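Turn these sequences into a full structure, and let the hints guide you.
Listed in order, the protein sequences are those of chains P and S. If you're matching positions, the first sequence starts at 1 in the numbering used here and goes up one per residue. If you're matching positions, the second sequence starts at 1001 in the numbering used here and goes up one per residue.
These are calculated hints, taken from the structure and not from any lab test. Among the hints, a few may not be true.
To be verified - Derived lysine-lysine pairs resembling BS3-like cross-links, with alpha carbons at most 25 Å apart:
#, chain 1, residue 1, chain 2, residue 2
1, P, K135, S, K1073
2, P, K276, P, K244
3, S, K1110, S, K1073
4, P, K245, P, K128
5, P, K244, P, K290
6, S, K1111, P, K135
Said to hold, decoys possible - Stretch-level coverage of chain P by chain S, calculated; a stretch enters the list once three of its residues show a Cβ under 8 Å from a Cβ in chain S:
#, stretch
7, 111 to 118
8, 248 to 257
Predicted model, so just to flag it, every value in this text is computed and none were measured. The beta carbon of each residue, even a glycine, is placed where N, CA and C say it ideally should be.
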Amino acid sequence: MASLLLSPAEQDYITRGVEKDLRADGRGNLDRREVALRVGMISQANGSARCRIGNLGVGTDVLVGIKAEVNTWAPGDPEDAGTIECSVECSPSAAQAFEGRGAEEINVELTQLLDRIFNGPQSGVDMKKLCIIPKQAYWVLHIDALVLDVKGSIADTLVWATRAALLSTKLPRVVVETITDENGEMQAEFDVVDDPEDMTLLEGAENLPIAVTFNQIGKRYVVDASDQEEAITQAKLTVAVSPKKEVCAIQKGGVLRGFPPSLLTEILQTAQRVAKEELVKFDRHYAEAKKYAESQSDEPSTGSTFLVSF
Amino acid sequence: MSANIIDRRRINGPQRSVEPLYTAEAPEPFANGRVDSRALDQVRPIFIKTGSLATQTSAAASPSGSAYYEQGKIRISCAIYGPRQGRKSNTRMGVFDCDFKYAPFSCSWKKTHIKSPDEKEIALILEQAVAPAIRLEAYPKASIDAFVTVIESDGKAATISAAVNCISAALVDAGIELYDSVAACSMALNGSQWVSDCTQIEEDAASCSLLVARMPSADEVTYVLQHGKTAPEQTDQGIQTCINSCTRVYAVICRYLQASME
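Next up, the structure:
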């Protein structure tokens, strides 16, 4: 990613601060910046969330929308489960480097990261419940993420927003009936109930993992790097941990160097601790966001879009 | 399954095609030991030939270094072009670029010639795994390009680790200045037991796959990738076991490289 140019003096300042557990904005090495979270603001989507991580109202901003579609089964698709398809796009408004085809590499990297964390049994979501009729029809959840602003730590913000969106995703209820057709065979047919009040949440969504990215600076590491800290990061490790303390994905990033194995083990242990605190924080923010979403009346009033109160 | 894009330069097959479903019994991967009777921590036999692409018609056209790598049924060919003029002309450090491609007949399902996001991501993975080993500060304004083609693949994590090993050998053949060779190894979790270097059927039956790339002399882990869910102690154990396997793979790579000098 295009990074800032830091002078050697600034780099030294940040590196030495990290060694003493004191970062440029006053945080400790394992502290995260402020989080703002809103859910359910896109009425056309089955689930949506917007998350911003950063100080003083400016930070990495990600908007995630989830749309559910019914897919006809074809040989090669899973027989009794639904699927999730992820797609991440970094908007050119986030950074000049993302204009035109500049964001192609990072889009692919983030899409595959989301796919690795959320698509499959490791996400905790019960994929079998997304199957409507085995070998005939199943739900596909299209997760589309739009990165609106980048100030360091994209992967974490992305996973926070996706987790919130999946938790708030509502699927319409499906009625399946088996009828006997003219040849005397049993055929199953389904009907999607068109009632906005009659929707179901995703089963198992509370088991979704949360991701923490550790950036190695000098000999120590920090959580939730700002963009200056990312500019001097030598290597980073993204770890996804579920509420049941299982490790759901690990991915290293950064081309400058690798991790000594002892640091790697230390980071994995710290990841468990940090993820536990993160999940508590997440639940608190999510409950607030849900309460806010429900308190909004159905008619949009000018000035109450998701920009103002965010 | 082909994309909906119609390619006007080639003669197209049908718009949609699927591979046939074989109902004949495939051997159960972990039922009684492994299918090819390996031990649980045994890596498949490795063969490396460096300089495999050097006999081109003109010296200017041939790559600076190349390697052909086999590990069990996995076959990979890699060519290194460089150091040559980089795209950005004023970088202080060289750039290592990697291009990864599955041949359309290499996997158990047909691939189109269009690069899928999977191949693009693996190219990024290979860059991140191998770049720490290269002395990029010795090549300012230059770029070193690696082109990896998988001729036959058998297990996704195993193919990626084989590609890392192949690029390491090719870089040595190209005479690029390195801190060390990178050796990679993969494992998959079957129940609560980590199994080394799994083939495609073994990987499909496993719940989690782990890939580790390592520079033994500098004792640095240059890449870790876990796909799937594990308990935290299992991850630690898996990474330790994988690091030990990497050391053994490294010894094999070094022996082949020494033999190629004689």
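- Hinted pair K245(P) and K128(P), Cα distance within 25 Å: holds (23 Å)
- Message: Need the status of pair K1111(S), K135(P): alpha-carbon distance at most 25 Å?
- Response: holds (24 Å)
- Item | Distance restraint between K135(P) and K1073(S), which requires alpha-carbon spacing of 25 Å or less | violated (33 Å)
- Message: Is the listed coverage of the stretch 248 to 257 of chain P by chain S valid when you require three or more residues with a beta carbon under 8 Å from a beta carbon of that chain?
- Response: holds (count 10)
- Would you mind confirming whether the straight-line C-alpha gap from K244(P) to K290(P) stays at or under 25 Å? Between K244(P) and K290(P) the Cα gap is close to 23 Å, so the pair holds against 25 Å.
- Given the hint that K1110(S) pairs with K1073(S), test it: the Cα-Cα distance must not exceed 25 Å. holds (17 Å)
- Task: Mind checking the alpha carbons of K276(P) and K244(P) for me, to see if they're no more than 25 Å apart?
- Result: holds (9 Å)
- Message: Quick check: do three or more residues in the stretch 111 to 118 of chain P have a beta carbon closer than 8 Å to a beta carbon of chain S?
- Response: Three-residue rule met by the stretch 111 to 118 of chain P, so holds; n is 3.
Checked against the numbered hints given earlier, the structure breaks only hint 1 and satisfies all the rest.
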